[in-house]
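Respectively, the protein sequence lines represent chains F and Z. So for the first sequence, my numbering puts the first residue at 1; every next one is plus one. So for the second sequence, my numbering puts the first residue at 1001; every next one is plus one.
Keep in mind that the hints were calculated from the coordinates and are not lab data. Be aware that one or more of the hints could be misleading.
Stated by the list, open to error - Using C-beta positions, here's what the derived DEER-type ranges look like:
(1) Z:G1128 with F:P87: 53 to 61 Å
(2) Z:A1057 with F:G126: 52 to 60 Å
(3) F:E38 with Z:G1128: 31 to 39 Å
(4) F:P87 with Z:E1301: 33 to 41 Å
(5) Z:A1002 with F:P87: 32 to 40 Å
(6) F:R129 with Z:G1128: 44 to 52 Å
(7) Z:D1063 with F:L101: 26 to 34 Å
Said to hold, decoys possible - Straight-line Cα separation of at most 25 Å, DSS-like style, residue types lysine-lysine; simulated pairs:
(8) F:K88 with Z:K1167
(9) F:K180 with Z:K1167
(10) Z:K1101 with Z:K1167
(11) Z:K1151 with Z:K1101
(12) Z:K1122 with Z:K1101
(13) Z:K1151 with Z:K1122
Think of the CB as a built atom: it goes at the ideal place given N, C-alpha and C, for glycine as much as any other residue.
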Amino acid sequence: MKHQSRLGAWIAIAVGASYFLIPLIATFEFSLRMKRGEYSFEAYRVVFGDPQFQATFGYSIVMAVITIVVGVLLVVPTAYWVQLRLPKLRPLVEFITLLPLVIPAIVIVFGYLRIYNSSSLIPLTGSERATDFLLICSYVTLSLPYMYRSIDTGLRAIDVRTLTEAAEVLGAGRTTILLKVIFPNVMTAILSGAFLTFAVVIGEFTMASLLGRPAFGPYLQLVGANRAYEPSALAVIAFLITWASMGLIQVFGRNASARRPGAGKES
Amino acid sequence: MAFLEISNLKKTFGNQTAVHDFQMNIERGEFVTFLGPSGCGKTTILRMVAGFESPSAGVIRFDGRDVTHLPTNQRNIGMVFQSYALFPNMTVAENIGFGLKVANMPQEQVRSRVDEMLSLIKLAALGGRYPWQLSGGQQQRVALARALANKPQVLLLDEPLSALDAKIRVSLREEIRALQRELGITSIFVTHDQEEALSISDRVVVLNEGRVEQIGTPSEVYNFPRTRFVASFVGTLNLLSGVVGDPSTGQIAVGNQNLVTTHPMTGAMAGQTRALAIRPEAIVFEPPQPGRNSLTATVEEVNFLGAIVRIRARLEGAVISLDVFNDPNQVLPQRGENVTLGFSRENLLVLE
């Protein structure tokens, strides 16, 4: 009986895994066939050697890092404040942070272009730096659902109110409490939010393309439309980056759970 | 002038009043306990003293200085929480030194003060550990050291022992009291555990539904409860109702048996019904004696509790519990047996 039910579970896992793995393996296999008649990493060599790849990838990494910093500085104090003083507002804030999942990126970027075009009151698309700024704002918006969710979960796992009060009693002000007490204790949550944001920003196409910035997403699209083997190599690379991000979340999450108060022995 | 003065303190949440007109003066070095069931307002008062809640009315003074509207971080208080509230990202030593660092104390002094505190709570070897590596009792001792490190004017303890198991609770409360005496720090302790309150305090404030029921030393509150609530909340107590015979001589009748109390029955009139109280430990088995009260009753239940034996006996219209010390040579009454119970006249309390 037990054996049977376990067999069913394995079949389900095998079907699910093959659904993901077969296309991935096929893509990988195809990316190795650039040289006729043999397997080689030629496509990867070409990709890594392409100055465009380096430029766009570097650009997107810088953008991702700035997005993460801005996102963290925006979300941690907000989530903290909502949890501490305005718990009634939580459903509203959650709704707002989820909006980017509901509103397509293309709608957001068209909104930007209408409001911030070069003949508007705030012509943010007028110069490259200003457009970069606009792009970061849009990335922060896009990553808001992931960032807010993970940080809010992190804050719920610690007793925010009592820790804040304990620090206040000891003479600490708001900034000290945020920097010394709250930030370090939600670091794991911040990191998982950060890696998700990184993965989102690295592959993002719509915003960067329509704002005309040289990001990795539009480059992927460009290569995909014009080459045969390189797009497969890029897809595999992109997967590896995402997986590395996920793996890092796991690593940090595990370290943190080992440090939970429950791990200590009672009395 | 008292060190900590609380006058006419009031707190309302919406249209609910959590604290009615609380008034108290606490002397320097005094250990005061707020005792009451949950929702009685004890924690609310403590939180107003800490500055976490602002009073709807009233004044709080530390050493003559009005702190009613001072932010918490400027009050120079120490606080211990039920959930320990140690900072999980910091070691024991960093936790204890947190307030000192915030106050910009030079690093050398922070270190020596932290060492001093660690040896005070007898955890000198554990300065490098993280809170999750400590037991509950150890964590609470660290929390106590952290609260005391800044030499606060007032120490507030919000049910600090409730999360611990029974043995640790008793040893830690003795430790807290000893430290408090040694440092002479004015302290307010909040608890719903009457035994804790009686054992640790200089004075106990019994609260119910946002109002003070009684303020007094542990022995006053226990032996001479002023109200029915205090009588029933603090310790176990036999409550009877009696009909006043002669208020001037203290005559009161329970059923058809006559009793005498030495406590004045203010405002009582002959024929009125009043609540009477007798502590279980004040009652003994004895034949009627002149100058003492006696009641005859039928034994209903005999419970062996180890050091003491609790016996329940029924008389007309009431049930009385009494405690006798366990003695292997003593013959205990059987269920259904008729017995005569005696207690002194001082032990018959008449409640307001």
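Verification of the supplied hints:
Taking 53 to 61 Å as the suggested C-beta distance range, the pair G1128 (chain Z) and P87 (chain F) does not conform, at roughly 37 Å. The given range of 52 to 60 Å is respected by A1057 (chain Z) and G126 (chain F), whose C-beta atoms sit roughly 58 Å from each other. Look at E38 (chain F) against G1128 (chain Z): about 58 Å separates their beta carbons, and that is not inside 31 to 39 Å. At about 49 Å, the CB distance of P87 (chain F) to E1301 (chain Z) disagrees with the hint of 33 to 41 Å.
At about 37 Å, the beta-carbon gap between A1002 (chain Z) and P87 (chain F) stays in the expected band of 32 to 40 Å. For the hinted restraint 44 to 52 Å between R129 (chain F) and G1128 (chain Z), the CB-CB distance of approximately 48 Å keeps it satisfied. Range check, D1063 (chain Z) to L101 (chain F): about 56 Å between beta-carbon atoms, so the 26 to 34 Å window is missed. For the given pair, K88 (chain F) sits about 40 Å from K1167 (chain Z) by alpha-carbon distance, which is inconsistent with the 25 Å threshold.
As the CA atoms of K180 (chain F) and K1167 (chain Z) are separated by approximately 35 Å, the hinted pair breaks the 25 Å bound. Note on K1101 (chain Z) and K1167 (chain Z): the hinted pairing is violated, with a Cα-Cα distance of about 34 Å set against a maximum of 25 Å. Distance hint between K1151 (chain Z) and K1101 (chain Z) is fulfilled; the C-alpha atoms sit about 14 Å from each other, no more than 25 Å. About 22 Å separates the Cα atoms of K1122 (chain Z) and K1101 (chain Z), which keeps this hinted pair within 25 Å; it holds.
For the suggested pair K1151 (chain Z) and K1122 (chain Z), the alpha carbons sit about 18 Å apart, so the restraint of at most 25 Å is met.
The structure fails hints 1, 3, 4, 7, 8, 9, 10 (numbered hints given earlier, in ascending order).
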